[in-house]
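So the protein sequences, as listed, match chains A and B. For the first sequence, position 236 (counting from the first letter as 1) is numbered 236 according to our numbering, and the numbering increases by one without interruption. For the second sequence, position 85 (counting from the first letter as 1) is numbered 85 according to our numbering, and the numbering increases by one without interruption.
Some hints could be false.
Given that identical chains are not distinguished, each listed pair holds provided it fits within a single copy or across any two copies.
As the list claims (entries may be wrong) - Each computed DSSO-like pair below joins lysine-lysine, with the alpha-carbon atoms no more than 27 Å apart:
1) K251 x K323
2) K304 x K76
3) K145 x K219
4) K120 x K304
5) K234 x K219
6) K251 x K88
FYI, nobody ran anything at the bench for these hints, they're computed from the structure.
There are 2 protein chains.
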Amino acid sequence: MKQIEIRKPDDFHIHLRQGDLLGMTVHHCSSVFARAIVMPNTIPPIDSPESLEDYRRQISGIDPAFRPLMTFKLLKGMSSENIRLLKKAGAVAGKLYPAGSTTNSADGITHWKEIVELLKVMEEEGLVLSVHGEDPSVFSLDREKAYIPEILEICEEFPQLKVVFEHLSSAEGISTVETGPDNLAGTITVHHLLLTLDDLIGGSLNSHNFCKPVLKGPKDREAIQSVVLEGNRKFFFGSDSAPHSALKKSKGAAGSYTAPVTLPLLAEFFESSNRLELLENFTSRFGAEFYGLPLNEEKIVMEKERWTVPERYGEVIPFFASKEINWKVKKMSFRSDI
Amino acid sequence: MKQIEIRKPDDFHIHLRQGDLLGMTVHHCSSVFARAIVMPNTIPPIDSPESLEDYRRQISGIDPAFRPLMTFKLLKGMSSENIRLLKKAGAVAGKLYPAGSTTNSADGITHWKEIVELLKVMEEEGLVLSVHGEDPSVFSLDREKAYIPEILEICEEFPQLKVVFEHLSSAEGISTVETGPDNLAGTITVHHLLLTLDDLIGGSLNSHNFCKPVLKGPKDREAIQSVVLEGNRKFFFGSDSAPHSALKKSKGAAGSYTAPVTLPLLAEFFESSNRLELLENFTSRFGAEFYGLPLNEEKIVMEKERWTVPERYGEVIPFFASKEINWKVKKMSFRSDI
């Protein structure tokens with residue numbers, strides 16, 4: 001049976017949610033990923049050292065070996081001192097949500113100049129700025145493109161601030177990161193890598209492929225696949241795995257629960273393009289390097305073995321539910337000291 | 001209270017469905033519209049004089065005063081003689097569904113040359129060709145545009161054949177009809193006139209606005225509104241009202257049940273554009289003139305009175321459910337001889 005061993009990967013963008021869901025989301029994430037950038041758009045949001053520490057405690061209580069990379073949500077009226085304290089509490093990144101752009105973002109930022117002082121402190125403190133790069137005031141398919149000037153202004157205004165253009169979905173977004181300044185990188189999800197808008201609306205309506213930013217067209221997917229298959233180090237993996245209950249999905253919630261299937265699907269994608277050797281850099285190197293984190297020492301083994309994704313995990317219908325995938329994660333070899 | 005009286009309208013594109021649904025769909029349609037072009041994509045399809053006559057009998061059994069304009073579905077392998085017999089049985093139009101383009105179209109036509117002999121007979125017999133103008137082999141948002149060459153080839157090959165480009169959704173489709181040959185016209189639905197793709201995927205996912213062709217962007221809607229507000233006689237009303245049970249919608253079926261709200265929404269639209277005087281031509285003249293049918297003699301009165309659309313009609317959640325509309329149909333004045 002075909003096998004590959006790769007450095008244990010990180011997920012540079014995940015929603016672990018809260019409450020009852022947390023046990024499952026941490027388990028699915030930590031059984032494959034050593035670390036993950038944990039998004040702060042909980043209710044209430046992670047916006048203080050106390051809430052950050054409490055959230056981290058909850059996560060670590062589920063799997064002490066997992067290393068959550070904590071983030072906070074940038075809010076209008078936040079103090080510079082708060083940013084410094086968040087950094088001391090272990091925050092790795094701060095997240096900028098344009099107001100109204102996605103789940104739990106009504107309290108977001110209308111324009112980056114509202115938080116210019118906070119960005120300055122983040123730059124000084126070496127915190128990464130993670131951006132949901134969409135302007136929700138324009139037509140849905142143009143939202144990412146419309147946000148590009150704002151991203152570039154931030155990069156120029158704060159040349160030492162590392163900025164991540166999250167979950168890239170458009171050819172224009174890809175090209176902006178590709179040709180943009182050195183302090184700009186981008187994450188790529190498995191659903192934007194594999195699907196187009198047709199997988200949502202092209203046949204029957206498939207709400208399980210509904211996410212923000214919405215899936216785009218074939219040229220956009222081609223641009224995404226192209227930089228990934230070139231092994232461009234400015235682009236790295238962030239799943240944006242975002243579970244909702246089947247009930248919430250039926251009411252139109254945006255997000256796909258990709259965590260349990262994302263690494264197998266990536267292996268399948270790279271293999272089908274005859275570039276399986278690029279998987280490790282995409283999932284286990286480029287992100288850590290951009291964030292300035294040490295590479296993981298653990299390894300995981302993946303094997304080519306067909307399996308069927310469960311129809312549901314508890315209340316949540318996963319991405320690729322009931323479909324077959326050709327790769328699976330075989331076992332993890334943990335370091336002996338953790 | 002503001003009132004207007006207009007010639008009783010026709011709906012030049014409706015799905016009345018079958019079985020249990022038929023009572024409701026005929027009632028909602030016939031209480032407002034004198035006539036309607038009844039789409040033939042039932043199961044099995046309307047494809048013979050017998051099935052056409054049977055379907056018409058069922059419809060007339062529900063409301064004898066209603067005048068259904070019967071159509072048939074063009075199928076590969078149909079005989080020319082069958083077309084002539086369908087005409088004798090009272091068919092007004094034949095419908096061309098590209099294979100795979102929408103609900104119950106798997107048995108459709110791959111290319112018009114497959115049915116060149118049938119189109120010739122339709123031209124001779126004075127039957128109208130109604131076309132679901134989408135090429136399902138391309139990206140969903142480009143499907144209407146991709147079908148344009150085929151529509152224009154048909155119009156050129158059969159200059160006496162009247163061709164209707166149904167439920168126009170794109171700027172390119174609009175411009176094709178606007179600048180195209182005299183034997184080409186187009187229908188416009190209330191949902192394509194009022195909404196964009198954002199009403200489906202821009203906020204939460206709204207499956208009740210999911211239809212084929214899928215809603216397009218702001219420039220497309222602007223093009224649609226523009227020809228309607230110019231009173232261009234090549235464009236007339238066809239609702240494409242297409243009910244599905246709430247259960248089927250939850251499984252992704254395409255179609256909006258607009259019949260109960262469509263005329264009030266049109267009155268609202270024309271009034272908001274200060275062109276209320278154009279409503280009558282759009283709903284009650286241009287379509288009949290293109291089809292070569294006499295204008296209706298009955299009148300209906302509409303009045304400006306706010307009402308709330310019911311949450312559901314039986315198993316079906318209507319378009320604009322639970323929302324308020326400013327216009328309603330007051331009463332119908334029927335001819336005394338029917």
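Hints versus structure:
1. With identical chains, the CA atoms of K251 and K323 are at most 27 Å apart both within one copy (23 Å) and between copies (17 Å).
2. Neither within a single protomer nor between protomers do K304 and K76 lie at most 27 Å apart by alpha-carbon distance, with minima of 48 Å and 44 Å respectively.
3. In this assembly of identical chains, K145 and K219 lie within 27 Å of each other by CA distance both inside one copy and across copies; the values are 14 Å within and 17 Å between.
4. Within a single copy, K120 and K304 get their C-alpha atoms no closer than 47 Å, and across copies no closer than 56 Å, so neither meets the 27 Å cut-off.
5. Proximity of K234 to K219 under the C-alpha cut-off of 27 Å is restricted to the intra-copy arrangement: shortest distance 20 Å within a copy versus 34 Å between copies.
6. In this assembly of identical chains, the alpha carbons of K251 and K88 never lie at most 27 Å apart, being 40 Å within a copy and 48 Å across copies at closest.
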